[in-house]
Amino acid sequence: MISLDFGLPKLPRMEPHWNEVIQEQNAFHWCQDELRDSAMPKSASMNEEQTQYFTTITNQITNCGPLQPIQPIFIEGKPGHGPLLDAIVTFLRGQDHIVLVVTSTGLAASLYEHDQTAHSMFKIPAIDVHYYPHYVIKLKLIF
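For the sequence shown, full-length UniProt numbering begins at 1 and goes up steadily by one.
Source of the hints: derived by calculation from the structure; they are not laboratory data. Keep in mind that the hints are not guaranteed to be accurate.
Label-pair distances were calculated between CB atoms; the ranges are [to be verified]:
1) Arg36 <-> Gly65: 16 to 24 Å
2) Asn59 <-> Gly82: 18 to 26 Å
3) Lys123 <-> Ile98: 30 to 38 Å
4) Phe74 <-> Thr51: 30 to 38 Å
No residue lacks a Cβ here, since even glycine has one placed at the ideal position from N, Cα and C.
Turn these sequences into a full structure, and let the hints steer you where they fit.
Listed below in structure tokens is the structure:
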């Protein structure tokens, strides 16, 4: 199995009636009207560049056919880009799309509803560098 090549644990066997993605979809299904209503003012207050990103990303997802797989989208930005991400997430969840937001820190994950860190979402183990010194990368600064 590929995950063993990297020392990652085997994925647990899922129960036939349990699926985290379905749980995520159901978490927002009951409030779609509210999400659609709150996405409109968010998108209306964007500048031209933000509107272009919003339109490109949401069109890429909403224009896919039912049998066409949607590719994962990686969004990276400096602090202050949160409102754009929030508008995209709110809009897509309001359209009954499953949106999984994965962040690098717990602080960033706390800004959005139902979002997780990469370690939590993908079950990446925390490594104690005292027991695994070969994982430590030493950097030398040259001035």
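Here is how each hint holds up against the structure:
no.: 1; hint: Arg36 <-> Gly65: 16 to 24 Å; verdict: 22 Å, holds
no.: 2; hint: Asn59 <-> Gly82: 18 to 26 Å; verdict: 21 Å, holds
no.: 3; hint: Lys123 <-> Ile98: 30 to 38 Å; verdict: 19 Å, violated
no.: 4; hint: Phe74 <-> Thr51: 30 to 38 Å; verdict: 20 Å, violated
Violated hints, in rising order: 3, 4; the structure is consistent with all others.
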